[in-house]
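The listed protein sequences derive, respectively, from chains V, F, U and Z.
Position 102, counted from 1, in the first sequence is what full-length UniProt numbering calls 102; the numbers after and before it change by one each time, with no gaps.
Position 206, counted from 1, in the second sequence is what full-length UniProt numbering calls 206; the numbers after and before it change by one each time, with no gaps.
Position 318, counted from 1, in the third sequence is what full-length UniProt numbering calls 318; the numbers after and before it change by one each time, with no gaps.
Position 304, counted from 1, in the fourth sequence is what full-length UniProt numbering calls 304; the numbers after and before it change by one each time, with no gaps.
Be careful, since some hints might not be right.
Derived coverage of chain V by chain F (criterion: at least 3 residues anywhere in the stretch with Cβ under 8 Å from a Cβ of chain F; other residues may be distant) [stated by the list, open to error]:
#	stretch
1	194-208
2	278-286
Calculated from the model, a selection of chain F residues having no Cβ within reach of chain V, i.e. all distances over 12 Å [what the hints assert, rightly or not]:
#	residue
3	A21
4	A45
5	R99
6	T115
7	N140
8	L158
9	P181
10	V183
11	G191
12	R294
13	G305
Note that these hints are calculated values from the structure, not bench results.
No experiment lies behind these values; they were computed from the predicted model shown.
Each residue gets a CB set at the ideal place from its N, CA and C atoms; glycine is no exception.
Listed below, chain by chain, are the residues.
There are 4 protein chains.
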Amino acid sequence: MLSERGHTLAGMPHSSAASGAPRWSYLGPEGTFTEAALLTLPEAARAEALPMASVPAALDAVRRGEADAAVVPLENSVEGSVSVTIDELATGEPLVIEREILLPISFALLVRPGTTMADIKTVSSHAHAQPQVRRWLGANLPDAEWFSSASNADAARLVQEGRYDAALAGEFAAERYGLVPLVAEIHDVEGAVTRFVQVRRPAPVSPPTGADRTSVVAFIVDDHAGALLEILQEFAVRGVNLDHIQSRPTGDGLGHYFFAIEAEGHIADARVGEALMGLRRVCAGVRFLGSYPRADGARPQVRRGTSDAEFDDAARWLDRARRGES
Amino acid sequence: MLSERGHTLAGMPHSSAASGAPRWSYLGPEGTFTEAALLTLPEAARAEALPMASVPAALDAVRRGEADAAVVPLENSVEGSVSVTIDELATGEPLVIEREILLPISFALLVRPGTTMADIKTVSSHAHAQPQVRRWLGANLPDAEWFSSASNADAARLVQEGRYDAALAGEFAAERYGLVPLVAEIHDVEGAVTRFVQVRRPAPVSPPTGADRTSVVAFIVDDHAGALLEILQEFAVRGVNLDHIQSRPTGDGLGHYFFAIEAEGHIADARVGEALMGLRRVCAGVRFLGSYPRADGARPQVRRGTSDAEFDDAARWLDRARRGES
Amino acid sequence: MLSERGHTLAGMPHSSAASGAPRWSYLGPEGTFTEAALLTLPEAARAEALPMASVPAALDAVRRGEADAAVVPLENSVEGSVSVTIDELATGEPLVIEREILLPISFALLVRPGTTMADIKTVSSHAHAQPQVRRWLGANLPDAEWFSSASNADAARLVQEGRYDAALAGEFAAERYGLVPLVAEIHDVEGAVTRFVQVRRPAPVSPPTGADRTSVVAFIVDDHAGALLEILQEFAVRGVNLDHIQSRPTGDGLGHYFFAIEAEGHIADARVGEALMGLRRVCAGVRFLGSYPRADGARPQVRRGTSDAEFDDAARWLDRARRGES
Amino acid sequence: MLSERGHTLAGMPHSSAASGAPRWSYLGPEGTFTEAALLTLPEAARAEALPMASVPAALDAVRRGEADAAVVPLENSVEGSVSVTIDELATGEPLVIEREILLPISFALLVRPGTTMADIKTVSSHAHAQPQVRRWLGANLPDAEWFSSASNADAARLVQEGRYDAALAGEFAAERYGLVPLVAEIHDVEGAVTRFVQVRRPAPVSPPTGADRTSVVAFIVDDHAGALLEILQEFAVRGVNLDHIQSRPTGDGLGHYFFAIEAEGHIADARVGEALMGLRRVCAGVRFLGSYPRADGARPQVRRGTSDAEFDDAARWLDRARRGES
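Start from the sequences and build out the full structure, keeping to the hints where you can.
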């Protein structure tokens, strides 16, 4: 039987899925922050959660129909894989984001029952967690040696197995691996949050809520200087603010990029639609990754001249002008 | 009876218009470069030409239905009135440009028969003509005194009346005023050309020829810093080149402007239409002044991503994305 | 002896200049709004005013040293010549603006003593005045015929000579031409103002007052699409607002332009200096026309990051970074 | 004694550094692609290489003076840590990049001597390597289970320890861990390359080579919409092309970013210097990360108006204009 950590590349994890429950794959193993994010969703109680060994594996499960949706980290994750999520959504078989989930991040120092601070000589966590806890470690365990693990949950497993003395992971991972939290709420930075997304196979976009976000990836025409500026101007001229933009290599060698873009608003908004059409025209390719409600509920400030009503008015004016009725 | 120079502000010039002939008003009096421009049109042979005392008078004749069209100078005229044409088209009762006419400008020194160079003590022309002939005057009539007249044709009339010894005007004005050209082809600058336009009451725009120009005026939102940059970006982002832009006071005090804009392309072009809608949205007001064939026949260079086909493709792509078929 | 209206192109008007008094040429003849603007200056009492037949003549008097300064209309003049002023400053022997003067414009209906409204069959003014009085004329003298003159003052002279019944000119022109104002304060638009400038031969720029304006002309590289946008961005990126921009033909054929630009601030301001250097680099040529106090006293809003102190700080930072001290 | 994989957070690895040899820390353990990159440097033969457990540890060794320089992955690494490198350089105690190294990436399937393809049930590598080998795995080891490790070298070590049957890592890692390459040159994508950088404590920048790159990080003013566009325009208006730009969270909560920017050219170039000063003025903070030779030797295309000579010319012109000598 396969453990929850493993994943056969040509197949899927064994499971005893009840026929009616939604099946959600996620970046495992059990005890990751991704699982914690998934568990915050209202439907999680009746969903079957399928831990996968990697983000691509979680997404492929959806692509192959073995899962209905996948929950994966997208931004600022302490468990890594952000870039791999973007790359997978940008270039793999199309999937779309239907929801985002914000999860506050703090760590617990997990140990086998009975371990004390003085006993701890080795500590492990995912490499991405280390910057978030290094000050705490320097102050509280200055002589302990730190080792990176494949995930924070994996670090907990290795503590369970006796390889390391302590793991830095989510407190929720303790029970799964038979550990106890010796210290909780460890984080060098206040308010650390990771953004996760739930993705599914393409389907009609759900209607705007008024506080939405739109994700796309844009592949630039090779060797076209100023491509990013051109892309930003397509948004700026229609008053669409960008929340986030990131360049990523296309895999065709250094210097060839695509841009992962998160914009305020919904593809059904006139200004967003026109900006995306502009993007489509100036780029070598554009992939729409979804319009979905923002977890923070922030409503965009609509700049003068960019509301749907103003787009409609302008379209009617153009029509009149073309007919000589101006 | 009214002379061709005069114009009753409440009425129109008397004329004996044959019922079927088109009636064209123009900036008179007879003998102006505007009349010469009008006479280059194929239909001029059968049109009735109505000289008016000013550009507003010529345009008002069309507005009142007393003329079918008006020919007036628009750009770089040696007879002035360019700004007044723009201001009238921008703010008076709407008219649209249906045609442009380019006329090479050169002057003749018109005198009464028998006058020689040595006899010339006084020379007159419109003030706008003076910069174009001052070098020639300095070299050939260094001791003559120059006086400005209301138009070059008016200068010719004043020579006819004996007030001045010579006029600088179009050679074609000589016969009308009983003068002879003592010197022809006078111009300090090679290749001087004036652009005239024929305007009419609003009617459906004629179809694109592929080498078209579009004229609009845009009234900016008061005290909005960066308004011009914003306007230019609406065009630039859709790849619409501008041929000409000029700021003009709105008449509401210094510092309040509108912009007269001439763009490459036709309002029926997708890129031009979208740019004009953008302009409409960010400006306090936009008036469409017409799309019409360029007299120079220059075809615009269509930038990658801005052809009608690419706009259509992007619209279909957006539609698919909204339906979840991307 | 030459009249004040005339001007020998190779020479200058005769005058009895007291040796110590400043000599100021201006767009004449006597009785123009330009003269009225000149007379508002504190030093006007002791200056010798030299009326010239045209803007070029007024400027050439300064170039040749026959006048110390010239007063000419620059913007929205009712007496025309704005374009000719810009063209002359852009392309003639260099001169710089040292001062601007705002003059409210209103017209008086000037007649020979004894003339009544019922007597008026003909009215004259400069063509540029007509749009500003046409509504008044339509309402008050609907049957009078209007004729254009070389200037409003010239219209007054022609009334004096008996050619026309009434002139529309500045009320101050009445006495000079032996006329009386039958109606005063005529203007279709409230608050009409003309901007005049005093220009001199190049000299070190006077220091900033904090409420300054800078004028330049920029000649673009031929056939360089997007040149205007490029020019505007040089200003925008340094937070320099533009008050006014106008394209003007270079005289080398239609489609070749230069831009006359008026910017907020003073050439001694770091942001203005850097913007002008940028302009110099991207244009075929730039001519500095002066930094001088704004007549309206408006102080520019200095955008974050564009004060002299912030430029200084950035320069020191760059220096440190280059030396490896960042 | 500490293994090469471990690192005491309060101390440094034990080593037997010869007194004169340069000491270079790097992202270990031994057998990583980072070590392979380091070994391509000419001075590597006489340098002492210090493997560190993480990028922060490698950089801290330099900060504390325990190493003279560090070699770490910066872009597109298969071993992760790119973001952590950027974050560390952006926010830790200042370091600067003095050199970049490009290393072609291909994987070998490393096994214990005697293992055959048929024996392989489990495979491990770093999570970032998985996307680069998944197609190969699907085709060649469709039934093997894949597990993520803390690094590819760590995967090799775990094969040595018998935990997994095979590791995907650099072929050079085989010898270190007593393994043999069963298959070499594995990569789904042709031409995969990772960019590494060598960093040191701040020191005067070495002179331009003509084919240089400049790295900076820019912290934007919070909640300032359009900040990225503003940043890009600072570069664009001076003709400085960007090679790469990436937004990164500041750690102060989602939605607060800094930008890591790589630009063509050298801080000693006038256009780059002016752009950086502009960045400094519009941003909340800018950190210079170094100007250094490009490994690909590509020389930037210098746009008209942006050469050092043109900057010098413009500075002299401005000086003349301010002195009234224009």
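> Does the stretch 278-286 of chain V contain three or more residues whose Cβ lies closer than 8 Å to a Cβ of chain F?
Replying inline: Result for this restraint: holds, n = 5.
>> Minimum C-beta separation from A21/F to chain V exceeding 12 Å: can you confirm that?
In response: Correct as stated: the minimum Cβ-Cβ distance to chain V is 24 Å, above 12 Å.
> Far enough from chain V: is every CB of that chain over 12 Å from the CB of V183/F?
Replying inline: holds (47 Å)
> Is it the case that L158/F keeps its Cβ farther than 12 Å from each residue Cβ in chain V?
Replying inline: Holds, since 42 Å exceeds 12 Å.
> Do three or more residues from the stretch 194-208 of chain V put their C-beta atoms closer than 8 Å to C-beta atoms of chain F?
Replying inline: The restraint on the stretch 194-208 of chain V holds, since 4 of its residues have a Cβ under 8 Å from chain F and three suffice.
> Is it the case that R294/F keeps its Cβ farther than 12 Å from each residue Cβ in chain V?
Replying inline: holds (19 Å)
> So is G191/F really clear of chain V, every C-beta pair being over 12 Å apart?
Replying inline: The claim holds: G191/F sits with its nearest Cβ about 34 Å from chain V, beyond 12 Å.
>> Confirm or reject: A45/F is not an interface residue toward chain V, with every Cβ-Cβ distance exceeding 12 Å.
In response: Given a closest Cβ separation of 27 Å, the condition holds.
> Just checking, R99/F versus chain V, shortest CB gap more than 12 Å?
Replying inline: holds (15 Å)
> Taking C-beta pairs only, is P181/F more than 12 Å away from all of chain V?
Replying inline: For P181/F, whose nearest Cβ neighbour in chain V is about 43 Å away, the distance exceeds 12 Å, so it holds.
>> A cut-off of 12 Å on Cβ-Cβ distance, and T115/F was said to be off the interface with chain V. Does that hold?
In response: holds (51 Å)
>> Confirm or reject: G305/F is not an interface residue toward chain V, with every Cβ-Cβ distance exceeding 12 Å.
In response: violated (4 Å)
Hint check: a violation occurs at hint 13 only; the rest are consistent with the structure.
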